[in-house]
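**Q** Sequence:
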Amino acid sequence: MSIRAILADDERLMREQLRARLTEVWPDLEIVAEAKNGLEAVELTREHKPDLCLLDIRMPGLTGVEAARQIAQLEETDDWRIPEIVFITAYDQYAVEAFEQGVADYVLKPAERERLQLTVERLKKRFAARDSGEGDPEKPIQQLLHRLSAQLNPNQPPRYLEWIQASVGQEIRMIPVSEILFFISDEKYTRVQTEQIEALIRKPIKELVDELDPHLFWQIHRSTLVNVKAITGVSRDFRGRQLVAIRGVNEKLEVSRSYTHLFKGM
Numbered sequence: 000m001s002i003r004a005i006l007a008d009d010e011r012l013m014r015e016q017l018r019a020r021l022t023e024v025w026p027d028l029e030i031v032a033e034a035k036n037g038l039e040a041v042e043l044t045r046e047h048k049p050d051l052c053l054l055d056i057r058m059p060g061l062t063g064v065e066a067a068r069q070i071a072q073l074e075e076t077d078d079w080r081i082p083e084i085v086f087i088t089a090y091d092q093y094a095v096e097a098f099e100q101g102v103a104d105y106v107l108k109p110a111e112r113e114r115l116q117l118t119v120e121r122l123k124k125r126f127a128a129r130d131s132g133e134g135d136p137e138k139p140i141q142q143l144l145h146r147l148s149a150q151l152n153p154n155q156p157p158r159y160l161e162w163i164q165a166s167v168g169q170e171i172r173m174i175p176v177s178e179i180l181f182f183i184s185d186e187k188y189t190r191v192q193t194e195q196i197e198a199l200i201r202k203p204i205k206e207l208v209d210e211l212d213p214h215l216f217w218q219i220h221r222s223t224l225v226n227v228k229a230i231t232g233v234s235r236d237f238r239g240r241q242l243v244a245i246r247g248v249n250e251k252l253e254v255s256r257s258y259t260h261l262f263k264g265m
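Heads up: the sequence shown begins at 0 in numbering that gives the first Met the number 0, then just goes up one per residue.
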């Protein structure tokens, strides 16, 4: 079975150079699409369902790491699994050490034949293990990518999600985080509410808390995160429970006792 891949780099010459090198060392590899940015890489992955994504670390919009985190959220099917990830980077040895903590592999720019050959051999072994079911249990890729992002930018403020990929009926939408009013989770899904639409994701609140800007999204209940800018008022019901009103929706969200301190003085 041939391996299908997507290549993402905002530099056309780099894409052409890597494609040429891959053709030399892995002639059976089928590159089904090329992306110029991270968001396009996510969209093409959802469309083509490749086995492998080669992602440049530095891309406009979503970075390579952010794109990989979005790709890792895609829903698997009976005949498709989340693709293997290889990062394309011009970083130095310190960054390379971070990659080797669990991400499939990396390619240094410009791609050299010998190093690329090693990457290809590792990938072939991983694909063989996946097909046979003999591979090691998968590490939680979201945690690996989150840690990788922090290691690559140790002196920079943390980067938070800017987009959420969510199901709206039979469609998959990319929703800007700034447009989201609140998240509410049940046992299986998390509801994503904007002024226009209601969508669903599988990511629990406990994971979203670490991926969203805490200055923008407050946790007001173990199952609820709310956009601070969407709050129009705070009140109490006849039982003394604190409730927040949200703009654009006819709904009030309960604040659990653990989080009432957030609204003192309001």
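Please note: incorrect hints may appear among the correct ones.
[Unchecked claim] Derived pair list, reagent style EDC-like, types lysine to aspartate or glutamate, alpha-carbon separation capped at 20 angstroms:
{"#": "1", "residue 1": "Lys205", "residue 2": "Asp236"}
{"#": "2", "residue 1": "Lys251", "residue 2": "Asp185"}
{"#": "3", "residue 1": "Lys123", "residue 2": "Glu113"}
{"#": "4", "residue 1": "Lys124", "residue 2": "Asp27"}
{"#": "5", "residue 1": "Lys187", "residue 2": "Asp212"}
[What the hints assert, rightly or not] Quick list of simulated restraints, FRET-style, between CB atoms:
{"#": "6", "residue 1": "Arg57", "residue 2": "Asp185", "range": "30 to 40 angstroms"}
{"#": "7", "residue 1": "Glu186", "residue 2": "Ser257", "range": "12 to 22 angstroms"}
{"#": "8", "residue 1": "His260", "residue 2": "Phe126", "range": "50 to 60 angstroms"}
{"#": "9", "residue 1": "Asp236", "residue 2": "Gly168", "range": "27 to 37 angstroms"}
{"#": "10", "residue 1": "Arg240", "residue 2": "Asp212", "range": "43 to 53 angstroms"}
{"#": "11", "residue 1": "Ser177", "residue 2": "Glu111", "range": "36 to 46 angstroms"}
{"#": "12", "residue 1": "Glu113", "residue 2": "Gln195", "range": "35 to 45 angstroms"}
{"#": "13", "residue 1": "Lys263", "residue 2": "His47", "range": "17 to 27 angstroms"}
{"#": "14", "residue 1": "Gln195", "residue 2": "Arg221", "range": "45 to 55 angstroms"}
{"#": "15", "residue 1": "Arg125", "residue 2": "Leu242", "range": "21 to 31 angstroms"}
{"#": "16", "residue 1": "Leu215", "residue 2": "Ser1", "range": "14 to 24 angstroms"}
Treat the hints as calculated values from the structure; they're not laboratory data.
Bear in mind that the values here come from a model prediction, so they are computed numbers and not experimental data.
The C-beta atom is built at its ideal place from N, Cα and C for all residues, glycine as well.
**Q** Starting from the range 45 to 55 angstroms, see whether the pair Gln195 and Arg221 falls in it by beta-carbon distance.
**A** 27 angstroms, violated
**Q** Could you check the hint for me, namely that Arg57 and Asp185 are 30 to 40 angstroms apart, CB to CB?
**A** 38 angstroms, holds
**Q** Take a quick look at whether Lys124 and Asp27 sit within 20 angstroms of each other, Cα to Cα.
**A** 15 angstroms, holds
**Q** Is it true that the CA of Lys205 sits at most 20 angstroms from the CA of Asp236?
**A** 27 angstroms, violated
**Q** Note whether the CB distance of Asp236 and Gly168 lies within 27 to 37 angstroms or breaks it.
**A** 33 angstroms, holds
**Q** Taking 14 to 24 angstroms as the stated bounds, is the beta-carbon spacing between Leu215 and Ser1 within them?
**A** This hint is violated: roughly 44 angstroms between Cβ atoms.
**Q** For the pair His260 and Phe126, does the Cβ-Cβ distance stay inside 50 to 60 angstroms?
**A** 51 angstroms, holds
**Q** A range of 35 to 45 angstroms was offered for this pair. Does it hold for the Cβ distance of Glu113 and Gln195?
**A** 52 angstroms, violated
**Q** Measuring from beta carbon to beta carbon, are Arg240 and Asp212 in 43 to 53 angstroms?
**A** 27 angstroms, violated
**Q** Is Lys123 close enough to Glu113, meaning Cα to Cα at most 20 angstroms?
**A** 16 angstroms, holds
**Q** Is it true that Glu186 and Ser257 lie within 12 to 22 angstroms of each other by Cβ?
**A** Since the Cβ atoms of Glu186 and Ser257 sit about 20 angstroms apart, the hinted range of 12 to 22 angstroms holds.
**Q** Has the hinted range 17 to 27 angstroms been met by the Cβ atoms of Lys263 and His47?
**A** Given range 17 to 27 angstroms: violated, Cβ gap about 51 angstroms.
When the structure is compared with the earlier hints, violations turn up for hints 1, 5, 10, 12, 13, 14, 15, 16 and for no others.
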